[in-house]
Amino acid sequence: MVLVDYKKAFDMVDHCILLDKLGAYHLDQSSLDWFKSYLSDRKQYVNFKRQSSTTKVITDGVPQGSILGPLLFLVFINDLPLHINTQVDLFADDTTLLAATDYNDINELNEKLSLEVSNVQNWAITNKLPLNTTKTKTF
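To convert, note that position 64 of the sequence shown is 64 in our numbering; the numbers rise steadily by one, no gaps.
Hint data in this document are derived by calculation from the structure and do not stem from the laboratory.
Every residue, glycine too, gets a C-beta built ideally from N, C-alpha and C.
Keep in mind that the hints are not guaranteed to be accurate.
[Claimed, not checked] Label pairs and their in silico Cβ distance ranges:
| id | residue 1 | residue 2 | range |
| --- | --- | --- | --- |
| 1 | 96 | 63 | 16 to 26 Å |
| 2 | 83 | 135 | 15 to 25 Å |
| 3 | 23 | 63 | 14 to 24 Å |
| 4 | 130 | 67 | 17 to 27 Å |
| 5 | 59 | 91 | 22 to 32 Å |
| 6 | 108 | 83 | 13 to 23 Å |
| 7 | 91 | 17 | 13 to 23 Å |
| 8 | 128 | 63 | 12 to 22 Å |
| 9 | 114 | 17 | 24 to 34 Å |
| 10 | 27 | 63 | 13 to 23 Å |
| 11 | 110 | 55 | 45 to 55 Å |
| 12 | 130 | 86 | 15 to 25 Å |
[Stated by the list, open to error] Computed cross-link-like contacts, SDA-like style, restricted to lysine to any residue with a CA-CA straight-line distance of at most 20 Å:
| id | residue 1 | residue 2 |
| --- | --- | --- |
| 13 | 36 | 68 |
| 14 | 137 | 109 |
| 15 | 112 | 1 |
| 16 | 8 | 71 |
| 17 | 36 | 58 |
| 18 | 7 | 136 |
| 19 | 8 | 70 |
| 20 | 43 | 15 |
Let the hints inform the model, and build the full structure from the sequences given.
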């Protein structure tokens, strides 16, 4: 079993890639335009003890704490299992890879999981969603 962790998963979602993936679900143009508008021109600042930071324009990521944030993240990673040859469980930003062998061959199991982690890394690079290698764990 491998527990995959992404670096700042919700913050790193590339809007162009996400919109392409939404388009792959055959959303009509007005829906795609709505999502583009929802993700575009977002700004944030911090207010602490009556002092406000400068406003920062947000160019990547999905809104955390929103209803759509986890759903959009799942749309973003929903194609990952197409690149994996073992069982993959996706739940929000948690990804678990599961593998088994017929003869309890630990070497075969390690080879399988190493290949699948490599497949996840390749997918992550392609989708600009870096892995947090210190938090990604094999059991």
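Evaluated hints:
1. 96 with 63: 16 to 26 Å: Given a distance of about 25 Å, which is inside 16 to 26 Å, the answer is holds.
2. 83 with 135: 15 to 25 Å: holds (21 Å)
3. 23 with 63: 14 to 24 Å: holds (20 Å)
4. 130 with 67: 17 to 27 Å: holds (26 Å)
5. 59 with 91: 22 to 32 Å: holds (27 Å)
6. 108 with 83: 13 to 23 Å: holds (21 Å)
7. 91 with 17: 13 to 23 Å: holds (21 Å)
8. 128 with 63: 12 to 22 Å: 18 Å Cβ-Cβ, so the 12 to 22 Å window holds.
9. 114 with 17: 24 to 34 Å: holds (26 Å)
10. 27 with 63: 13 to 23 Å: holds (19 Å)
11. 110 with 55: 45 to 55 Å: holds (49 Å)
12. 130 with 86: 15 to 25 Å: Since residue 130 and residue 86 have Cβ atoms about 22 Å apart, the given range 15 to 25 Å holds.
13. 36 with 68: Given pair residue 36, residue 68 holds - Cα atoms ~13 Å apart, limit 20 Å.
14. 137 with 109: holds (15 Å)
15. 112 with 1: holds (10 Å)
16. 8 with 71: Distance ~16 Å between residue 8 and residue 71 Cα, so the pair holds.
17. 36 with 58: holds (13 Å)
18. 7 with 136: holds (10 Å)
19. 8 with 70: Judged against 20 Å, a Cα distance of about 13 Å means the pair holds.
20. 43 with 15: holds (15 Å)
This entry satisfies every hint, going by the numbered hints stated previously.
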